[in-house]
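Numbering (my numbering), first residue to last: 162 to 374.
In case anyone wonders, no lab produced these hints; they're calculated from the structure. Please note that the accuracy of each hint is not assured.
Simulated restraints on C-beta separations [claimed, not checked]:
1) A251 - G318: 29 to 39 Å
2) D314 - R236: 13 to 23 Å
3) S307 - R362: 20 to 30 Å
4) D263 - I357: 22 to 32 Å
Idealized CB from N, CA, C, for every residue including glycine.
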Amino acid sequence: MEIPAIFAAAGADGGLLAIAPADGMCVPSPGCPAVPFGDAAGRLPRTEGREPAVVADWTSLAAGGFDERVVKSMRVRGRDVWFMTWVADADDLMDAFNTTADTVLAPYHSMDGRDAMEDIVSMSDSVIPAVFVRSGSALSRGRAPSGIRETLDILDGIGFGRTCVVDADSSVTPYEWGRILESFPSCIPFVADPSITEGFRDVVAPLRRPSRV
Numbered sequence: 162m163e164i165p166a167i168f169a170a171a172g173a174d175g176g177l178l179a180i181a182p183a184d185g186m187c188v189p190s191p192g193c194p195a196v197p198f199g200d201a202a203g204r205l206p207r208t209e210g211r212e213p214a215v216v217a218d219w220t221s222l223a224a225g226g227f228d229e230r231v232v233k234s235m236r237v238r239g240r241d242v243w244f245m246t247w248v249a250d251a252d253d254l255m256d257a258f259n260t261t262a263d264t265v266l267a268p269y270h271s272m273d274g275r276d277a278m279e280d281i282v283s284m285s286d287s288v289i290p291a292v293f294v295r296s297g298s299a300l301s302r303g304r305a306p307s308g309i310r311e312t313l314d315i316l317d318g319i320g321f322g323r324t325c326v327v328d329a330d331s332s333v334t335p336y337e338w339g340r341i342l343e344s345f346p347s348c349i350p351f352v353a354d355p356s357i358t359e360g361f362r363d364v365v366a367p368l369r370r371p372s373r374v
């Protein structure tokens, strides 16, 4: 199943915006266009059941700390919301779940070490750690980047049943995706181009802007 993702950011006027990543990228960069969040949410494909949609809190992720402005304003109808935001510890997790979120995607590099991760996994089985990858390596808080599968193995050992790999700069090769699928079949790729992740049950990809005619 392809799961659409919207990157949400707090606007200067207090409104909520949706930022569209550039073509070929799965996360925003400076200068990416923005539209009102409601317009983007209204373009989510209709489904028969409450299939998931990801809302990524770009305000918090870009700042490196939890910011409540996005979580207070986001509204998505007819979908289960997978909310990605900065989660350093159990307190941040509680704030994230104090919303319409059904599942929380917590960046691996945001969590305050192994003790915090163990607290988080003990609180809820609806938390999916998200490993951000740049230049082919997994980002890690306070440590040098490490191997993707090595990081997924750490998370598996802590007890997380599902994981997500966010290919932030499209640097994960098809070969590496194949190795990830072989070792971690429940992993959820978050990519610009879902076609390179064949075989995974679920894949997250940004909701793209409508093509101009």
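Checked hints:
Remark: the range hint 29 to 39 Å for A251 to G318 is contradicted by a beta-carbon distance near 19 Å. Evaluation of the 13 to 23 Å hint for D314 and R236 yields a failure: the beta carbon distance comes to about 37 Å. The hint said 20 to 30 Å for the Cβ distance between S307 and R362, and at roughly 25 Å that hint holds. In this structure, D263 and I357 meet the distance hint of 22 to 32 Å, their C-beta atoms being roughly 27 Å apart.
Hint compliance for this structure: hints 1, 2 are not met, and every other hint is.
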